[in-house]
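S.K.: Here is what each chain is made of, one letter per residue.
Number of protein chains: 2
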Amino acid sequence: MKERKEHLESPWHISENSFNPSVLRAQETVFTTGNGYCGVRGSFEEGYPGDNPTTMIAGVYDKVPLENSEMANVPNPLYLVLYINGERFRMDRGELLDYSRILNMKNGMLTRTVRWRSPEGDTVDLAFERFASLADPHCIAIKCSATPVDFSGTIEFRSGIYGYMVTEGRCHWRPCDQGSPDRQSVYLHTAMLSGEFELCEAAQFTVDGAQDVVYDYCDCDFFPFTTARASVRKGETITAQKLVSTFTSRDTAGPQEAARSHLSVVCTKGYDKILSENNARWDQVWDRSNITIEGDDEADRAVRYNIFQLLIAAPWNDEKVSFAVKTLSGLGYRNHVLWEAETCMSSLFICTQPEVARNALMYRYHTLDGARKKAKKYGCKGAMFPWEGDHTGDEKIPSMVPHHYGELIPIPFVKCQIHNTSGVGWAVMQYWNYTGDDDFMREYGVELLVEIARFWSSRSTWNEHEKRYEIIDVIGPDEYHWHVNNNTYTNYMAKWNIEQARAALSWLEKEFPEKAEQLKQRCELTKATLQQWNDIIALMYWPYNTVTGLMEQFDGYFSMKNTLIAEYEPRSIPMSVVLGLDGMQKSQIIKQADVIMLCALLKERFDPKTLRANYEYYAPRTDLTHGSAMAPPFYALVAARCGKVDEAYRHFMHAARMDLDDLKGDGEKALHASCLGGTWQAVIFGFCGFQLTEDGYSTDPNLPKHWKRISFTCMLRGKKVRIAIDNTGMHSRNCKHSQTTIGA
Amino acid sequence: MKERKEHLESPWHISENSFNPSVLRAQETVFTTGNGYCGVRGSFEEGYPGDNPTTMIAGVYDKVPLENSEMANVPNPLYLVLYINGERFRMDRGELLDYSRILNMKNGMLTRTVRWRSPEGDTVDLAFERFASLADPHCIAIKCSATPVDFSGTIEFRSGIYGYMVTEGRCHWRPCDQGSPDRQSVYLHTAMLSGEFELCEAAQFTVDGAQDVVYDYCDCDFFPFTTARASVRKGETITAQKLVSTFTSRDTAGPQEAARSHLSVVCTKGYDKILSENNARWDQVWDRSNITIEGDDEADRAVRYNIFQLLIAAPWNDEKVSFAVKTLSGLGYRNHVLWEAETCMSSLFICTQPEVARNALMYRYHTLDGARKKAKKYGCKGAMFPWEGDHTGDEKIPSMVPHHYGELIPIPFVKCQIHNTSGVGWAVMQYWNYTGDDDFMREYGVELLVEIARFWSSRSTWNEHEKRYEIIDVIGPDEYHWHVNNNTYTNYMAKWNIEQARAALSWLEKEFPEKAEQLKQRCELTKATLQQWNDIIALMYWPYNTVTGLMEQFDGYFSMKNTLIAEYEPRSIPMSVVLGLDGMQKSQIIKQADVIMLCALLKERFDPKTLRANYEYYAPRTDLTHGSAMAPPFYALVAARCGKVDEAYRHFMHAARMDLDDLKGDGEKALHASCLGGTWQAVIFGFCGFQLTEDGYSTDPNLPKHWKRISFTCMLRGKKVRIAIDNTGMHSRNCKHSQTTIGA
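One line per chain: the protein sequences are H and S, in this order.
Mind the numbering: the first sequence is residues 888 to 1631 in my numbering, read in order.
Mind the numbering: the second sequence is residues 888 to 1631 in my numbering, read in order.
Hints were generated in silico from the structure; no laboratory data involved.
Where a beta carbon is used, it is the ideal one built from N, C-alpha and C, also for glycine.
Keep in mind that a hint or two might mislead.
[To be verified] Stretch by stretch, here's where chain H covers chain S in the computed footprint (C-beta under 8 angstroms, at least three residues):
1. 1096 to 1109
2. 1582 to 1592
[Claimed, not checked] Some chain S residues near chain H, calculated using beta-carbon distances under 10 angstroms:
3. V951
4. C1058
5. H1059
6. V1152
Chain H with its partners taken away, still in its complex shape:
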């Protein structure tokens, strides 16, 4: 019990001490593990009725009708089943005498201990552990120990690759080949029904702790598995190990050969070595990405959980994938890449793991052709990034979605939901500012910025009457209002994008004139174009009231029905449902940060008065509890910047615990990646007021009163900078500040 308490109290552990089948799927989401190559939901190895075992591999999308493509659930590598004296262990059978589950964020290890009495009355202690190695993207390791408590008898393990996996009712895989070279290892080679990708998983199975282990192989169609049977005496422990190696045709032309030969390497290494390499890699990663909040254990652990889940969903080794919108924890938007990838999720990496941020940006570079094609389709120039992207870079947003069976709801957004492209430009600049990676900019970054600027300038229209540039017929980040004109977020970000492109191009012209010339040729950057850019920068309209400091969300927003969220409280449903489609569009109630998102992303552009005025106007009109998962962290960020620390903390804790406590009520499906990333930003950019300066960085802390000290690390131009802020007094601005810089 002492140990349990330690887990509950450990800042590195997420744990549960009892099993509640009613939250089975939501907890599967919470206990997701992974290594960025793959994500594995926290399902039990032996299965449970109604579970949703899901393993996803970054970039492995399959074609599907209607929704175009989806990330596919791959054949289950977890499958590990026990028979205790012939009775199959499953927690819905027999008696569950003791149970605990711990996710150790320190090294990504998920453990479960169970005391179970079989229907026939045999009691056994079981201990499961598993991790996807952060040091070896292709390796998953699983261990299960069994100790008879009150009997001696036989224990049989069954370990295999289970091919029959469903992705929301769809099958993606057909068998190609399977087998077992030696009764202890198995492999399953599958291909997508569409032919898009192939995949091979190979697994080695070893049982230790008994004299008479008998292995056998069962060549069950689409489910090759090995069994290991042994006699065990009361009190003695028998341990099964399963090492899995996975390769897809994204990785290599011969996934079967790769998976099988890599399995040999993995097996030679052995479980303990794999684990120690994993742990060492995690130590490196946490050394840069950890945040410690002293004085608030709950916040401390929750923030770490948000970071952890981002870390295990990140493209560590692959520049052709980015951050999927539901991490690698489940479906939702078919787990495509949305604008959250740059605006919410990339910041943690830009600041602490820039190599990963670079991979995610390279994904955009590699998929520029899809973005150019989309721009062309809509009569624009440059790059118009897909609202929902997959490995191909083509637009994959469905044109219709099924509502009830037989009824299709059209999604008319694709033409006007355009602001996402500005987020890519924003992330490129953030990356450059933090890393000073001129090589990236020279080869890829400036081209990205230029193509984005070309898109925005072709999408802007000159209003002769008002003598200004406008962007009409859009949807801003707030999705309660469609087909609006001059959305502040969109216009300002567009103008800013063009500004940055102009500046980056000047830099390139100065530093690498030949490169600049090539780029100008390739992207048809004439003098006239560049002049038009200057005009747009100067004359892009964005509705800002210099007296009040208020920005109007879009043309006419302030004349709409002026209602406050408070008038509808308490409620348990989103405001979109309360108001209905029509009411929603006529009201000032909004789904999420829109003007406030702009304030958050470009906070250095707005003075505190402007931030405060807009926060105070929009917060009471935003569905912060039941709208978008993105809203709470960015309201927290801006509230903290305005010195409204109590409000900021309320939004922040809602964000930080959103997935841990299933506050949105849809936790069974997947994690909310935008909220995970936004939470990190709220801490660093909000409470700590961290920002880059000409010669380094500055902080401007507004910490919650009970926080004693916060420390974190930032990578600045290749150097590791340790930052710690002591909260010394009642006033939040009264903070002490310490810094260490370590060479990269």
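Since the structure of chain H is provided, determine the placement of chain S on it from the hints.
M.R.: Relative to chain H, chain S alone:
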């Protein structure tokens, strides 16, 4: 070899003597077996790469997005695998030394003999046989004998229910329960992911012919199977038997109990008894439904094949299902019930198995509520039957279909593709005329007719200018022309429907005045309504030129671009592709019988001159080779009625061998049920000129010259009538005619 030749020559056998993997799936379709409760594609028990093993159960549809519902492929009951000295038998491995497959239409038995040499060099003779008992809808029986040719060693059989079945990429089933009470039997209880239906398949496995058979059970998830291992000596035969019992929640509230207890009954009976009962039932069925054509073996066998495939897809014991559009052989239109059910497929049954025809009509009666709902939705009265129906009776046509991934093609037809409702009325009248089943009419038939008439009268509009009733904005049977007005087929059938309803109501008023009164109350049949019916009967417009005898397909058809199919020959693609969407709608080229369909269904209404004029006009403009599978048999029928016997025979043979020879090129998907049924009609109503008369029937033969004699049976008002027509001379009308009537 002698035996082989006999099979090839037998009028009851469809056979192949070599295995060609390139037509694997098309031949799977050809060799479909079944019993009306279930249909089983001719896949191999042990599987083959790229095969499409499919088992369908009538009425077992599942909800799916976009396409609303589809008939679901159920867990595979065929699964039976052999290991010869440890090597798994599959025809793509080792050496295939001899092969033949025979479908015996006499009793629905599919057999396969194989001589196979394993990769290690062991040669074995295998003989498979299987059938779905026509005497017991819930029973499938499979047998496999193995004889070592040149070795003594071990043979292992593996027999199970394989749960992982895919329906065009979709999973429909999740496991509920599985097990093996005794190491020889297994069961798999599954439920649809949507919850729509449950299903249990239970199977018993016995191996004879060896002393030392060792059975074992493998509780593999979602795939319970038993193994039987034995030593066999060279030249000795070992035989495995698998008996399968299937029940769904459509049949009973407890499908598992039902399947398992029925399995006991089946096993007690034993394979031979099940087979003899099946054979006896088939003898009864063929006694009524067979046609013998002497002098044309190819036609004789092909016609029998068409009848056979209809017989095994018919609702023998279930009045809540009808004829699915692809029989039970595969998908296409999600295997919904379309207008072909009545216009093409029901005639064989009305004339030879009226109990089955009644079941199919009762399906329409039981689903009247869905038809009423649809009528209401489109502002009409009465019953508007779904264009695509399933077990619910609701309209299940998709509103959009995926064309390429990401592109959805809207189907705007549902509102104007209305002619199918008239087919239901037509079949009711055919059934009544043949059977004299007044009980059916009193309880159900008149109500069906009345609701159909109400629909047509509410859908007709009065043209004050022309002083006539019209039906505007429809699609006729020819689907190359949309949104047309006054489609002759539609208008004439509507008028005819109302006429028949009026007459049937008069009959009811006379014979069962109370019933009539109730019906009039229930269906709001006021005097005004009935007067309107009379008006429509008298004044419904249908464009008929009394001089030429020509009927115009719809308003303006004759003014469209007057092209002939011949101008585009030779070609290998449908005219719709040649002309494009737009060109198609502006041309007189049509997809299928439209005016000619009317001539075929109501042939007694039109004189030979009219039939000939219309046939001669429309045939050269119809895409008979690459359009609808429905076209060839009905053109054959009408051509025969016009005395154009050679042309008729050409169309007829194209129809009769369409599926056997995969003439449409899409045979891998499923059979073409409309063509199967139309072929039967072409023989009986076309070549034989069979029709009912006031006091019985008459024939008016126009037989192909080389046909010597044709004989068939018809059920007339409960009496079995044997009809034989001798073709005595050069002129086709010069036929002798004999008849026997047998009491029912």
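S.K.: Hint by hint, note whether the structure agrees.
M.R.: Here is how each hint holds up against the structure:
Under a criterion of three residues with beta carbons nearer than 8 angstroms to beta carbons of chain H, the stated coverage of the stretch 1096 to 1109 of chain S is upheld, 5 such residues being counted. Coverage of the stretch 1582 to 1592 of chain S by chain H is violated. Counting CB-CB distances below 8 angstroms, 0 residues qualify, and the rule asks for three or more. Given hint, V951 (chain S) at the interface with chain H, holds; its Cβ is 8 angstroms from that chain's nearest Cβ, closer than 10 angstroms. Given hint, C1058 (chain S) at the interface with chain H, holds; its Cβ is 5 angstroms from that chain's nearest Cβ, closer than 10 angstroms.
Interface restraint check for H1059 (chain S): the shortest CB-CB distance to chain H comes to about 8 angstroms, inside 10 angstroms, so the restraint holds. This hint is violated: V1152 (chain S) has a C-beta 30 angstroms from the nearest C-beta of chain H, more than the 10 angstroms allowed.
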